[in-house]
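Enquirer: Below, each chain spelled out in residue letters.
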Amino acid sequence: MSYYFAIIGTKDNPLFEHEFGTSKQGGDGIARFRDEARHMNQFIVHSSLDIVEEVQWGSGQMYLKTIDRYHNNHISCYLTAGNVKFLLLLSPDTHPAAYTASSNTQRPSSAALARQTSSSLAANPTAPQTEEAIRLFFTEVYDAWVKNLMNPFYLLNAPVRSPVFRGRVMAAGKKYL
Amino acid sequence: MSISQQPKAASNVLQQQLQQAPPSGGLRYPSSKKTIYDRNLNRTRTSELSRASFAYLFIEMISYAQKRAPSVSDLEKRLNASGYPLGLKLLDLLIYREPPRSALRPTRILALLQFVHTTLWKHLFGRPADALELSNNSPAEYMITDNEPLVNAYISIPKEMSQLNCAAYVAGIIEGVCDGAGFVTESVTAHWAEGEDIWPGKTIFLIKFKPEVIEREGILKGGTS
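As they're listed, the protein sequences go chains A and B. Position 100, counted from 1, in the first sequence is what full-length UniProt numbering calls 100; the numbers after and before it change by one each time, with no gaps. Position 83, counted from 1, in the second sequence is what full-length UniProt numbering calls 83; the numbers after and before it change by one each time, with no gaps.
Treat the hints as calculated values from the structure; they're not laboratory data. Incorrect hints may have been included.
Said to hold, decoys possible - The calculated label-pair distances, taken between Cβ atoms and stated as ranges, are:
1. A158(A) / P70(B): 46 to 56 Å
2. E132(A) / A52(B): 45 to 55 Å
3. R69(A) / L110(B): 33 to 43 Å
4. F153(A) / S156(B): 32 to 42 Å
5. T66(A) / L124(B): 12 to 22 Å
6. D35(A) / L220(B): 22 to 32 Å
7. K11(A) / Q163(B): 42 to 52 Å
Unchecked claim - Computed cross-link-like contacts, DSS-like style, restricted to lysine-lysine with a CA-CA straight-line distance of at most 25 Å:
8. K11(A) / K208(B)
9. K33(B) / K175(A)
10. K11(A) / K77(B)
Treat the numbers as computed from the prediction; the structure is a model and nothing was measured. Backbone N, C-alpha and C define an ideal beta-carbon position, used for all residues, glycine too.
Produce the entire structure from the sequences given, and follow the hints as far as they go.
Expert: In structure tokens, the structure reads:
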């Protein structure tokens with residue numbers, strides 16, 4: 001599974017982007033998007049903003065779960081109190097054989113690891129375990145986001161450049177996804 | 001002799017400090033290695049601030065704005081603008097601090113105003129506001145009343161500026177909260193209550209929402225009932 005995470009400001013402007021791969025089931029945390037998929041990810045996430053606006057006022061929940069899908073990509077959304085959108089695109093790997101082979105060479109014990117963690121994050125994006133894992137990921141990012149907001153020099157809708165913030169997002173991705 | 005030694009000692013201390021600072025850190029990382037991301041967001045018990053230092057800062061803010069403002073309304077606008085970003089940020093912080101079950105984004109006007117009236121006021125002033133009313137004039141106007149605004153506690157208004165209410169700063173915070181939550185406001189203004197004997201400092205915050213907010217509220221009301 002590969003992930004594309006984006007934070008979108010209140011004026012539909014991108015504030016932060018991050019790509020990563022799964023760290024569960026022996027994954028090495030590196031995104032495996034095909035080259036042509038990289039720019040498509042931005043389009044797919046951008047088009048799902050329309051759906052966010054549709055469901056935004058339906059409930060006060062912050063985690064809106066999976067809101068959109070495009071081919072086999074699934075988009076999950078988390079809406080902060082200040083109406084900043086966290087969007088996460090999940091893309092199942094297209095070549096699972098090549099993927100396990102490469103991770104096997106890096107980590108000999110990945111097969112054993114996969115057996116241990118397979119229950120925590122299912123391979124398909126629609127499973128309830130995935131939903132819960134994404135919720136935990138978003139909650140952790142939201143924590144970092146509020147801290148980022150508390151910076152008196154940070155203005156709303158400004159791009160986030162802090163390497164510490166990026167580190168927090170990476171750590172959350174590694175922990176849960 | 002001793003005079004010439006002192007600056008030398010001082011420069012030695014400075015050099016030591018420079019050597020201790022991490023070479024790659026620069027200004028981004030504090031010397032304690034604790035960035036803003038390492039702090040806890042839930043320090044509610046020890047978060048009370050000294051009223052005297054607030055009053056001192058606030059008075060400096062007013063005189064800063066006053067030097068640049070040609071009129072009373074402009075001065076209020078400047079105070080409002082300095083409170084606005086605070087509101088945007090407090091919205092996220094206070095909702096983050098709510099217990100997880102009730103940490104919901106306000107999606108209806110009443111929920112939002114309750115949040116301002118209770119949660120925001122308690123955070124800022126240690127007590128809820130005194131009243132929350134719908135205006136008689138228009139369904140888009142709401143009023144929050146504070147009998148004794150803390151920000152005005154040490155401020156006396158000169159006669160020629162009797163219209164000025166420095167609680168415009170608080171109005172700016174309210175405006176930031178409303179706008180941040182997606183309830184776009186026409187304006188939020190602070191007014192003195194007229195004909196008030198018991199509470200001479202009574203202030204009314206008039207919140208005017210834009211028509212599209214009222215329209216959306218109507219649709220939401222129809223959808224759920």
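Enquirer: Indicate, hint by hint, whether the structure satisfies it.
Expert: Do the hints match the structure? See the list:
no.: 1; hint: A158(A) / P70(B): 46 to 56 Å; result: violated (30 Å)
no.: 2; hint: E132(A) / A52(B): 45 to 55 Å; result: holds (49 Å)
no.: 3; hint: R69(A) / L110(B): 33 to 43 Å; result: holds (35 Å)
no.: 4; hint: F153(A) / S156(B): 32 to 42 Å; result: holds (34 Å)
no.: 5; hint: T66(A) / L124(B): 12 to 22 Å; result: violated (38 Å)
no.: 6; hint: D35(A) / L220(B): 22 to 32 Å; result: violated (44 Å)
no.: 7; hint: K11(A) / Q163(B): 42 to 52 Å; result: violated (35 Å)
no.: 8; hint: K11(A) / K208(B); result: holds (22 Å)
no.: 9; hint: K33(B) / K175(A); result: holds (23 Å)
no.: 10; hint: K11(A) / K77(B); result: holds (24 Å)
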